[in-house]
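Enquirer: Sequence:
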Amino acid sequence: MNNGIIVIAEAGVNHNGSILLAKRLIDVAAETGADFIKFQTFKTELNISKTAEKAEYQKKNTGDEKESQFDMAKKLELKFEDFRELHTYCRDKGIGFLSTGFDNPSIDFLDELGQTFFKIPSGEIINKPYLQHIARKGKPVIMSTGMANLGEIEDAIEILKHEGLKHGQITVLHCTTEYPTPMEEVNLMAMQAIKEAFKVKTGYSDHTHGIEIPIAAAALGAVVIEKHFTLDRNMDGPDHKASIEPHELKAMIRAIRNVEVALGDGIKRPSESEIKNMAIARKSIHYANGLKAGTIIEIKHLIMKRPGNGISPMNYEYILGKKLLQNVKHDDLVQWTDFK
1 MNNGIIVIAE
11 AGVNHNGSIL
21 LAKRLIDVAA
31 ETGADFIKFQ
41 TFKTELNISK
51 TAEKAEYQKK
61 NTGDEKESQF
71 DMAKKLELKF
81 EDFRELHTYC
91 RDKGIGFLST
101 GFDNPSIDFL
111 DELGQTFFKI
121 PSGEIINKPY
131 LQHIARKGKP
141 VIMSTGMANL
151 GEIEDAIEIL
161 KHEGLKHGQI
171 TVLHCTTEYP
181 TPMEEVNLMA
191 MQAIKEAFKV
201 KTGYSDHTHG
211 IEIPIAAAAL
221 GAVVIEKHFT
231 LDRNMDGPDH
241 KASIEPHELK
251 AMIRAIRNVE
261 VALGDGIKRP
271 SESEIKNMAI
281 ARKSIHYANG
291 LKAGTIIEIK
301 HLIMKRPGNG
311 ISPMNYEYIL
321 GKKLLQNVKH
331 DDLVQWTDFK
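Residue 61 in the working numbering sits at position 61 of the sequence shown; the count goes up by one each step and never skips.
Think of the hints as simulated: they come from the structure by calculation, not from any bench. The structure presented is a predicted model; accordingly, all values stated were derived computationally and were not measured. C-beta atoms are modelled at their ideal positions from N, C-alpha and C, and glycine is treated no differently. Any given hint might turn out to be false.
To be verified - Restraint ranges, calculated between C-beta atoms of paired labels, are given here:
| id | residue 1 | residue 2 | range |
| --- | --- | --- | --- |
| 1 | Lys166 | Arg24 | 33 to 39 Å |
| 2 | His330 | Met183 | 57 to 63 Å |
| 3 | Asp232 | Gly33 | 18 to 24 Å |
| 4 | Lys139 | Ile267 | 32 to 38 Å |
| 5 | Asp232 | Glu158 | 38 to 44 Å |
| 6 | Lys323 | Pro270 | 32 to 38 Å |
| 7 | Glu85 | Ser49 | 27 to 33 Å |
| 8 | Gly33 | Gly264 | 18 to 24 Å |
| 9 | Asp232 | Gln192 | 31 to 37 Å |
| 10 | Lys166 | Ile280 | 49 to 55 Å |
| 11 | Glu274 | Lys139 | 39 to 45 Å |
| 12 | Met183 | Asp232 | 20 to 26 Å |
| 13 | Lys161 | Leu20 | 37 to 43 Å |
Stated by the list, open to error - Derived DSBU-like pairs (lysine-lysine); straight-line CA-CA distance at most 35 Å:
| id | residue 1 | residue 2 |
| --- | --- | --- |
| 14 | Lys137 | Lys250 |
| 15 | Lys322 | Lys340 |
| 16 | Lys50 | Lys128 |
| 17 | Lys128 | Lys59 |
| 18 | Lys241 | Lys195 |
| 19 | Lys166 | Lys38 |
| 20 | Lys66 | Lys23 |
Could you build the full structure based on these sequences and the hints that come with them?
Expert: Here it is in structure tokens:
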């Protein structure tokens, strides 16, 4: 992980079970400048009961209310061998490979594959055995917190630390688990609340339509931003409709990078480019009218005008009551040498 804002292009299961489509998603993520592309690695049988129904958004997005969540996920499951191939493909394309492991065998596989950190999805934040297994790998984690309150986040952090992770290895993402997320339910300031409560690095995982909320999160100090993307929102599948398309991903990353640069170091001082404008934009003390030598200066004799290459208006009171040594003209710049 670098020292800037980490942008994770979340492909998730938008490959629809096709490794060829997954590679095309990698191509797009690399072309748009994302730091990582993220998939989901799971064994359906270890994660979902055959009696589990799909979420309402999944029913709506797939157009199939009768299909079980198990059957839907099984169609989207890739083999470990597929992920080995995708890992190599990412390396060749110059983008980081990342996948969320949803069960112990998947976590073990990703660890063996050389994944340098783990992503904990929102649904697993209350899964103590899962959290313990990931923490024992000793690698940094990024944890999403959709559906969680501060108490649940605290519990998860404490479990991770109890199993050996250092505080600095934990990054917590604010998230709202609804696809797409209504704007009125984003609650982006909760990211700040998490940072203040736990003194951890924070970021944002976004499921809204559009790109403005991730950009706002960058402006608020997110160190990680995750966003679902797809090749085409009209494709079949549970997450396509809540994802952005390639041109939007590119625009989002460009905007985040601009925000990242614009945030600066937080020290308020004239910038390098401002310094040359100071004399032009600021004012200095001039004479409001022509005056004879011997005149005692009053406020009515002075006017503050550009350019600002003379005595600062902040010092006008030191001039009042002084006697002119020579005649001066209207608009002349006031000089300290004009007085006794």
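Enquirer: Next, verify each hint and record whether it holds.
Expert: Each hint, compared with the structure:
1. At roughly 38 Å, the beta carbons of Lys166 and Arg24 sit within the given window of 33 to 39 Å.
2. Evaluation of the 57 to 63 Å hint for His330 and Met183 yields a pass: the beta carbon distance comes to about 58 Å.
3. Distance hint for Asp232 and Gly33: a CB-CB separation of about 20 Å, consistent with the stated range 18 to 24 Å.
4. Against the hinted window of 32 to 38 Å, the Cβ-Cβ separation of Lys139 and Ile267 comes to about 34 Å, which satisfies the hint.
5. Distance hint for Asp232 and Glu158: a CB-CB separation of about 42 Å, consistent with the stated range 38 to 44 Å.
6. Evaluation of the 32 to 38 Å hint for Lys323 and Pro270 yields a pass: the beta carbon distance comes to about 35 Å.
7. At about 30 Å, the CB distance of Glu85 to Ser49 agrees with the hint of 27 to 33 Å.
8. A beta carbon spacing of about 21 Å between Gly33 and Gly264 agrees with the range 18 to 24 Å that was offered as a hint.
9. Here the CB-CB span from Asp232 to Gln192 is close to 35 Å, well matched to the stated 31 to 37 Å.
10. A hinted range of 49 to 55 Å for the beta carbons of Lys166 and Ile280 is consistent with their spacing of about 51 Å.
11. Distance hint check for Glu274 and Lys139: the Cβ-Cβ separation is about 44 Å, which falls inside the suggested range of 39 to 45 Å.
12. Met183 and Asp232 have their C-beta atoms about 24 Å apart, which keeps the hinted 20 to 26 Å range intact.
13. The given range of 37 to 43 Å is respected by Lys161 and Leu20, whose C-beta atoms sit roughly 41 Å from each other.
14. For the hint pairing Lys137 with Lys250, the CA-to-CA distance comes to about 34 Å; that is within 35 Å, so the pair holds.
15. The hinted pair formed by Lys322 and Lys340 meets the criterion: a straight-line CA distance of about 7 Å does not exceed 35 Å.
16. For the given pair, Lys50 sits about 23 Å from Lys128 by alpha-carbon distance, which is consistent with the 35 Å threshold.
17. Distance hint between Lys128 and Lys59 is fulfilled; the C-alpha atoms sit about 29 Å from each other, no more than 35 Å.
18. Under the criterion of a C-alpha separation no larger than 35 Å, the hint pairing Lys241 with Lys195 is consistent with the structure, at around 31 Å.
19. Proximity of Lys166 to Lys38 is assessed by CA-CA distance (about 24 Å); at most 35 Å being required, the pair is judged to hold.
20. In summary, the hint linking Lys66 to Lys23 is supported, as the alpha carbons are separated by about 31 Å, within the 35 Å threshold.
In summary, the structure agrees with every hint in the numbered list given earlier.
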